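2 protein chains.
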Amino acid sequence: MSSVNQIYIAVLGAGGVGRHFLSQLSVLSHKFPNISLVLISRSTKSLRASHRTTPLSLETWEKDLNESTSPALTVTQTLKFLGELPDKRVLVDNTSSQDVADSYPAFLKQGISVVTPNKKAFSSTMDLWTSIQESSYRPYAPYLSYGLMYHESSVGAGLPIISTLTDLIATGDTVRRIEGVFSGTLSYLFNNFAPADGSAKGGTWSDEVRKAKEAGFTEPDPRDDLNGVDVARKLVILARMVGVPVEGTGSFPVQSLIPAELERVGSAEAFMERLGEFDKRMDEVRNEAVREGKVVRFVGRVDVEAKALKVGLEKLDKAHPIAGLEGSDNIVSFYTERYVDNPLVVRGAGAGGAVTAMGVTADLIKVIQRVS
Amino acid sequence: MSSVNQIYIAVLGAGGVGRHFLSQLSVLSHKFPNISLVLISRSTKSLRASHRTTPLSLETWEKDLNESTSPALTVTQTLKFLGELPDKRVLVDNTSSQDVADSYPAFLKQGISVVTPNKKAFSSTMDLWTSIQESSYRPYAPYLSYGLMYHESSVGAGLPIISTLTDLIATGDTVRRIEGVFSGTLSYLFNNFAPADGSAKGGTWSDEVRKAKEAGFTEPDPRDDLNGVDVARKLVILARMVGVPVEGTGSFPVQSLIPAELERVGSAEAFMERLGEFDKRMDEVRNEAVREGKVVRFVGRVDVEAKALKVGLEKLDKAHPIAGLEGSDNIVSFYTERYVDNPLVVRGAGAGGAVTAMGVTADLIKVIQRVS
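Chain order of the listed sequences is A and B.
So the first sequence is numbered by the UniProt record's numbering: it starts at 1 and just counts up by one.
So the second sequence is numbered by the UniProt record's numbering: it starts at 1 and just counts up by one.
Please keep in mind that the hints were generated in silico from the structure rather than gathered at the bench.
Some hints here could point you the wrong way.
One copy or two, either will do: identical chains are not told apart, so a pair holds if it fits within one copy or between any two.
Lysine-lysine pairs mimicking DSS-like chemistry, simulated, CA-CA at most 30 Å apart [claimed, not checked]:
#, residue 1, residue 2
1, K31, K307
2, K109, K366
3, K315, K294
4, K310, K213
5, K31, K366
6, K294, K318
7, K280, K307
These figures come from a predicted structure and were not determined experimentally.
Whole structure, please, built from the sequences with the hints as guidance.
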């Protein structure tokens, strides 16, 4: 494990995304035998490889982790553990922890590359964003030993959103406008509540939310989808990449679909029980769109020139690409100087363990290719 | 120019794509001051940097090339010239030359990376394809000094098609089916000839071809678009990437839109003059689709399991994503094990100098990041 060509990988989080990632890593390790998995840590347990002996098994990690008696590692412990290993280390953060996100600059400055779907690092304060930019490797930056930072799955899961925007910018294009549907849950809800083909009207709003919850398409508490914050976080990430220094999700209009009366209701169950009382409001929104020959969708927009972000309900022509979405698909359209008549559009599943892990694994491959 | 960190770049072709690429390279050189442009060669002239002195100017290259009295370099001369430079060399082939494509293995084996939009290298014989694969760098291959090979713009110009397919495969997804519209010219022709919104019927076929030709959307001889070979080449590239060893564009059904009677007509002008005689055929195709409530489009398909490729006219539902294309957009849908309900879709301008050059420049950045 001490060969200079070894790449040491620590994985935080072993739930939906983490499990899929480790399965993809197992496939990858046949192509890159220099990969050494040295740490898996989840909420209650952790598993560490003994330094300079053998890496963790990608075949039996789940059983080994379950049998482990070591508690989860703190961020400080993780940093110390990786810091003691020789060069070429990667932290794969499959959590959504703000604590871990806050520590990226510390990892990067130690030359540890970071790969993550965790939105928090890029959508919290501008200070953290700036600190991450300054701590990650750039050509001809003062500190050439800094780690690489990749986060494809922080927007649209495995869809090529971040990489495409990165390429547009790096090759000198000017992005004028970004628009899209950034939440698989809200896509699913509106595609069913107000189908574009007019074949069916869709049920009441509370029925659709209930069906989506039962099908596993929402967070355990659907208010975590309906408040629009997840979409706002993704917009902040894209906006900052194109140079709009937005301070956070609180600094632009984000429409919440939670009735104000239900914001303080205690449990998710109590919320679901009372949601039907407010169906009339969403019905009016739907009917108004129908009267105009349109459909209602939950859209996020970045207007780069005006430095303006916006998240909320919009009425769209039925021929609009957003109106024609299906299932829980995301769609992102980049309007640029080069893609001027029609945008560059990426569309497909934007949530789920396998596709989110795919973005993480693809990022890891890029790190391996660059540090090998 | 002899620093170990220098990256020497030779550019073949200085027409539509080449000119845009050199303009993007100029922007890039501010971020990567270790880039040295050492050769530009076009059909009749070439410009070389003196070894170990100063690189060519990215500001005045066009004037300098026009004033040059050196003839174009042969492939052998180009290989010798780059071979004499120290490590870290990139050949950027912006031509569509089969000769140059045939020589990629020789460049790669000398450790020279190749970046290109040239379809010929990847859609000619399987022998050339195999030779390029075996000559380009792979981790743990026997020859670690081989060059890197990137060709994003060989399909869909700057759209992230090749990189997305590469990521899907590398992360362990199984691609089942690829379908799309792969020709900007044929997209434009059919979007106008048979609009999906039914608002206008479109003109006669020969009128639409004439309009497209006058607007600069076709090759000088429109038969080079109408024969379907360009689409077939792109399908061959994608099919081989997913492991379908198709021998070439002649080994699967490719529908030509050139009336058999006009195949041997001498000039493009004579062809255009007589095309109207055959409008009735395309009119019947359009009417048949209309009767079925559909629209006609020129589609390419790869069925991975059946190892079957197909290029030609298809009747599609008006709600199909292909039917809703606009302008000269390309669209590519990947149906995979992970993107199973709905495909991963990429859409946008698939032709034009600036967007084609963008794919080349983005590839070059990846090479620079990996060899730096």
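We went through each hint and held it up to the structure:
Taking the closest pair of Cα atoms, K31 and K307 come within 30 Å of each other only across two copies (25 Å); inside a single copy the shortest separation is 44 Å, beyond that limit. With identical chains, the CA atoms of K109 and K366 are at most 30 Å apart both within one copy (19 Å) and between copies (23 Å). With identical chains, the CA atoms of K315 and K294 are at most 30 Å apart both within one copy (6 Å) and between copies (27 Å). Only within a single protomer do K310 and K213 lie at most 30 Å apart by alpha-carbon distance; the minimum there is 26 Å, versus 41 Å between protomers.
When the C-alpha separation of K31 and K366 is checked against a cutoff of 30 Å, the pair qualifies both within a copy, at 14 Å, and between copies, at 20 Å. For the identical chains of this complex, K294 and K318 are neighbours both inside a copy (6 Å) and across copies (17 Å), given an alpha-carbon limit of 30 Å. Within a single copy, K280 and K307 get their C-alpha atoms no closer than 35 Å, and across copies no closer than 53 Å, so neither meets the 30 Å cut-off.
Going through the hint list in order, the structure does not satisfy hint 7, though it satisfies all others.
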